[in-house]
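Based on these hints, arrange chain B on the given structure of chain A.
The residues making up each chain are set out below.
Number of protein chains: 2
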Amino acid sequence: MIPDKPLRRGVPKLATPMDRRVLLQMSGSAIVAAALPVRGWAQADPLPSWNDGEAKRKIIEFVERVTTPGEAGFAPPAERIATFDNDGTLWSEQPAYFQLLFVLDQIRDLAPQHPEWKTKQPFASALKGDMKTVMAGGARSIAPLLAATHTGMTTEEFSRRVGAWIETARHPATGKLYTEMAYQPMLELLAYFRANGFKTFIVSGGGVEFMRVFAERVYGIAPEQIIGTSGKLKFEIREGKPVMVKLPELFFFDDKEAKPVAIQQQIGRRPLAAFGNSDGDLAMLQWTAAGGGERLPVFIRHTDSVREWAYDRQSKIGKLDKGLDEAAASGWLVVSMKDDWKRIFAFEK
Amino acid sequence: MIPDKPLRRGVPKLATPMDRRVLLQMSGSAIVAAALPVRGWAQADPLPSWNDGEAKRKIIEFVERVTTPGEAGFAPPAERIATFDNDGTLWSEQPAYFQLLFVLDQIRDLAPQHPEWKTKQPFASALKGDMKTVMAGGARSIAPLLAATHTGMTTEEFSRRVGAWIETARHPATGKLYTEMAYQPMLELLAYFRANGFKTFIVSGGGVEFMRVFAERVYGIAPEQIIGTSGKLKFEIREGKPVMVKLPELFFFDDKEAKPVAIQQQIGRRPLAAFGNSDGDLAMLQWTAAGGGERLPVFIRHTDSVREWAYDRQSKIGKLDKGLDEAAASGWLVVSMKDDWKRIFAFEK
Numbered sequence: 001m002i003p004d005k006p007l008r009r010g011v012p013k014l015a016t017p018m019d020r021r022v023l024l025q026m027s028g029s030a031i032v033a034a035a036l037p038v039r040g041w042a043q044a045d046p047l048p049s050w051n052d053g054e055a056k057r058k059i060i061e062f063v064e065r066v067t068t069p070g071e072a073g074f075a076p077p078a079e080r081i082a083t084f085d086n087d088g089t090l091w092s093e094q095p096a097y098f099q100l101l102f103v104l105d106q107i108r109d110l111a112p113q114h115p116e117w118k119t120k121q122p123f124a125s126a127l128k129g130d131m132k133t134v135m136a137g138g139a140r141s142i143a144p145l146l147a148a149t150h151t152g153m154t155t156e157e158f159s160r161r162v163g164a165w166i167e168t169a170r171h172p173a174t175g176k177l178y179t180e181m182a183y184q185p186m187l188e189l190l191a192y193f194r195a196n197g198f199k200t201f202i203v204s205g206g207g208v209e210f211m212r213v214f215a216e217r218v219y220g221i222a223p224e225q226i227i228g229t230s231g232k233l234k235f236e237i238r239e240g241k242p243v244m245v246k247l248p249e250l251f252f253f254d255d256k257e258a259k260p261v262a263i264q265q266q267i268g269r270r271p272l273a274a275f276g277n278s279d280g281d282l283a284m285l286q287w288t289a290a291g292g293g294e295r296l297p298v299f300i301r302h303t304d305s306v307r308e309w310a311y312d313r314q315s316k317i318g319k320l321d322k323g324l325d326e327a328a329a330s331g332w333l334v335v336s337m338k339d340d341w342k343r344i345f346a347f348e349k
Numbered sequence: 001m002i003p004d005k006p007l008r009r010g011v012p013k014l015a016t017p018m019d020r021r022v023l024l025q026m027s028g029s030a031i032v033a034a035a036l037p038v039r040g041w042a043q044a045d046p047l048p049s050w051n052d053g054e055a056k057r058k059i060i061e062f063v064e065r066v067t068t069p070g071e072a073g074f075a076p077p078a079e080r081i082a083t084f085d086n087d088g089t090l091w092s093e094q095p096a097y098f099q100l101l102f103v104l105d106q107i108r109d110l111a112p113q114h115p116e117w118k119t120k121q122p123f124a125s126a127l128k129g130d131m132k133t134v135m136a137g138g139a140r141s142i143a144p145l146l147a148a149t150h151t152g153m154t155t156e157e158f159s160r161r162v163g164a165w166i167e168t169a170r171h172p173a174t175g176k177l178y179t180e181m182a183y184q185p186m187l188e189l190l191a192y193f194r195a196n197g198f199k200t201f202i203v204s205g206g207g208v209e210f211m212r213v214f215a216e217r218v219y220g221i222a223p224e225q226i227i228g229t230s231g232k233l234k235f236e237i238r239e240g241k242p243v244m245v246k247l248p249e250l251f252f253f254d255d256k257e258a259k260p261v262a263i264q265q266q267i268g269r270r271p272l273a274a275f276g277n278s279d280g281d282l283a284m285l286q287w288t289a290a291g292g293g294e295r296l297p298v299f300i301r302h303t304d305s306v307r308e309w310a311y312d313r314q315s316k317i318g319k320l321d322k323g324l325d326e327a328a329a330s331g332w333l334v335v336s337m338k339d340d341w342k343r344i345f346a347f348e349k
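Protein chains in written order, with the numbering used here: chain A, 1 to 349; chain B, 1 to 349.
The set of hints was computed from the structure by calculation and includes no laboratory data. Hints are supplied without guarantee of correctness; some may be wrong.
Which copy? The list can't say, so a pair holds if one copy fits it or any two copies do.
[Stated by the list, open to error] As a list, the in silico SDA-like pairs of lysine to any residue whose alpha-carbon atoms are at most 25 Å apart:
#, residue 1, residue 2
1, Lys316, Arg65
2, Lys120, Thr68
3, Lys256, Gly231
4, Lys232, Phe252
5, Lys176, Lys234
6, Lys128, Pro112
7, Lys234, Ala290
8, Lys316, Ala44
9, Lys234, Gly292
10, Lys232, Leu250
11, Lys256, Leu146
12, Lys316, Pro144
13, Lys241, Ala72
14, Lys234, Glu79
15, Lys319, Ala290
16, Lys132, Lys319
17, Lys58, Thr174
18, Lys256, Lys316
19, Lys128, Lys256
20, Lys322, Glu239
21, Lys132, Leu187
Bound conformation, chain A alone (with noise of 0.2 Å):
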């Protein structure tokens, strides 16, 4: 994930040992470290996908200034945390959340070991593939599909079943996997930060067991750096081995004032940065942005329906209405996808 395009523009300073430290780490040996100079090195662009102009300036600018000793900026590598909505911000949303269509996916694969479903709701307009009168029974229709699919079983059993699905199913609209459709900006804005000593978080309405299984892979994110929304877990040993059980009772749903709320929880410091795409991610940008000294909150505007979809402050998928009236109030990014975005997905030509 480490650019290695020719150099372009705004190229970002690697200014203390530390930053240079963090990207050896990333570089690949010992011996790389030893034959690299120490001063005057400069690097290749490292945000490719990203069209030259105000939302890629102003990104380079914050890493520049967070990361030059002697900045008014400045924040110690401890500090540099950035945290990420992930549905609509790194992966797309529509025509509905990619874990709803893994529920629709496992419904329909679990079906024959439940003949009932053909005639009880929602079983039986999610096996038609009627997702329109699912989704308008809201939480209450999708909640016994969630409890079919998430829960009753073990964390490791879930994941199975989830790396199962990840590995092949295929995006209605694109034909492409579920992975494919991440945003390529994003995977390299995740690495462009990484490489300045940030640790990079997702934070997300999504269930967590359900991004773990494939955010490491696909975003170089780790698991332990996930927070999303998690059913609880009861430990017990069976036949003298412990497991740990899915159980039907939500924990922590994380959306809106709830993610500002779990980055305390689980963080512990707020972070410098932080990316959303809809009023769920509202809170989130609030909590950064109230830190003082330099902050980079930023919405990601779902413009292009093209190469993407166009929605916003109209859509029941990713809403983003009153994020937008505070963005514009408050100064912060918004990107446009269709004019800061030069590719949308790396299988774009």
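This is chain B only, laid out in the frame that chain A set:
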């Protein structure tokens, strides 16, 4: 924290480029990296406060096995997770959990604003320093004291209070700062694990917001790697500024079976090594041991009535009873503070 004593014994190999890089990252600068030979590099004794014996040998052999490529127990750095209980494992817990001593000190500090406390239990006993009566009341007695000292303020205000206390308050028996009562052998062990690519986590029944104030400075463990008991938080906007308020409601009590649950919820990976000192840590050690392959579940046993305290099966604080039985049955390492530790506290001569 990198040991600089002369070579003694049990020299750990730094076998892989990744190991070396992780150590380089800790060692100060890229210049140092460039100057170090890539092979044949011997390291000083990483555990100088441990007596040469079975405990030290088993720990070092474990670390060598999981970090040596080709060994059956080899684990890539991402999987090197080690979890540590805090009270009684990283620092003392007698004559009472230090956080409870903080509570009593806070009650005294706040008493002038609460004249009613003089006659109201459990505050009256707490103000008289009558811990026996307070403790005898159990959770029902302690809860109002916790609520009065741990809730109703913002997280920032609470951190300030803990910070002021931890810098000045003295232990009733030793007269030392509480942070001086961290176990020197465990500080060495934490550094040794990290130098070998491990991520070290605290998983404690203590309050997470309490521990985070000093754990980074004392243990080298960052806030995001601390898991503990926590109260509910409320995100709210006060005069246009977001704040996080500590509510008088328990969110998560991190003890016994809840420890492996919290590990799964927040880390999402099973530890390779886990250290505890009481039956409250038993489930965490069971979960660790059951992972298969090379695992290191360890009890620290309080056996030194002269330099520290001696207690186990009959103790009200830090009771270690079932844990001793299971350690014996399963062949887990039990560290004797009296026999295995050359010194317990750094302030010993």
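Evaluated hints:
With identical chains, the CA atoms of Lys316 and Arg65 are never at most 25 Å apart, being 37 Å at best within one copy and 52 Å at best between copies. Neither within a single protomer nor between protomers do Lys120 and Thr68 lie at most 25 Å apart by alpha-carbon distance, with minima of 61 Å and 55 Å respectively. In this assembly of identical chains, the alpha carbons of Lys256 and Gly231 lie at most 25 Å apart whether taken from the same copy (18 Å) or from different copies (19 Å). Taking the closest pair of Cα atoms, Lys232 and Phe252 come within 25 Å of each other both inside a single copy (8 Å) and across two copies (11 Å).
Proximity of Lys176 to Lys234 under the C-alpha cut-off of 25 Å is found in neither arrangement, the shortest distances being 36 Å within a copy and 40 Å between copies. For the homomeric pair Lys128 and Pro112, the shortest alpha-carbon distance inside one copy (14 Å) is at most 25 Å, but the shortest distance between copies (68 Å) is not. Taking the shortest alpha-carbon separations for Lys234 and Ala290, only the inter-copy value of 16 Å comes in at or below 25 Å, while the best intra-copy value is 37 Å. Taking identical chains as interchangeable, the C-alpha atoms of Lys316 and Ala44 are never at most 25 Å apart, the minima being 40 Å within one chain and 61 Å between chains.
Taking identical chains as interchangeable, the C-alpha atoms of Lys234 and Gly292 lie at most 25 Å apart only when they sit on different chains, with a minimum of 20 Å there against 40 Å within one chain. Within a single copy, Lys232 and Leu250 get their C-alpha atoms as close as 6 Å, and across copies as close as 15 Å, so both meet the 25 Å cut-off. In this assembly of identical chains, the alpha carbons of Lys256 and Leu146 lie at most 25 Å apart only when taken from the same copy (21 Å versus 28 Å across copies). For the identical chains of this complex, Lys316 and Pro144 are intra-copy neighbours only, at 21 Å inside a copy versus 44 Å across copies, given an alpha-carbon limit of 25 Å.
For the homomeric pair Lys241 and Ala72, the shortest alpha-carbon distance between copies (22 Å) is at most 25 Å, but the shortest distance inside one copy (54 Å) is not. Proximity of Lys234 to Glu79 under the C-alpha cut-off of 25 Å is restricted to the inter-copy arrangement: shortest distance 23 Å between copies versus 34 Å within a copy. Within a single copy, Lys319 and Ala290 get their C-alpha atoms as close as 23 Å, which meets the 25 Å cut-off; across copies the closest is 44 Å, which misses it. Taking identical chains as interchangeable, the C-alpha atoms of Lys132 and Lys319 lie at most 25 Å apart only when both belong to the same chain, with a minimum of 18 Å there against 56 Å between chains.
In this assembly of identical chains, the alpha carbons of Lys58 and Thr174 never lie at most 25 Å apart, being 32 Å within a copy and 54 Å across copies at closest. Taking CA atoms no more than 25 Å apart as the test, Lys256 paired with Lys316 passes inside one copy only; the shortest distance there is 15 Å, against 42 Å between copies. Taking the shortest alpha-carbon separations for Lys128 and Lys256, neither the intra-copy value of 32 Å nor the inter-copy value of 45 Å comes in at or below 25 Å. When the C-alpha separation of Lys322 and Glu239 is checked against a cutoff of 25 Å, the pair qualifies only between copies, where the shortest distance is 18 Å, while the shortest distance within a copy is 53 Å.
When the C-alpha separation of Lys132 and Leu187 is checked against a cutoff of 25 Å, the pair qualifies neither within a copy, at 32 Å, nor between copies, at 57 Å.
In terms of the numbered hints stated before, the structure departs from hints 1, 2, 5, 8, 17, 19, 21, listed from lowest to highest.
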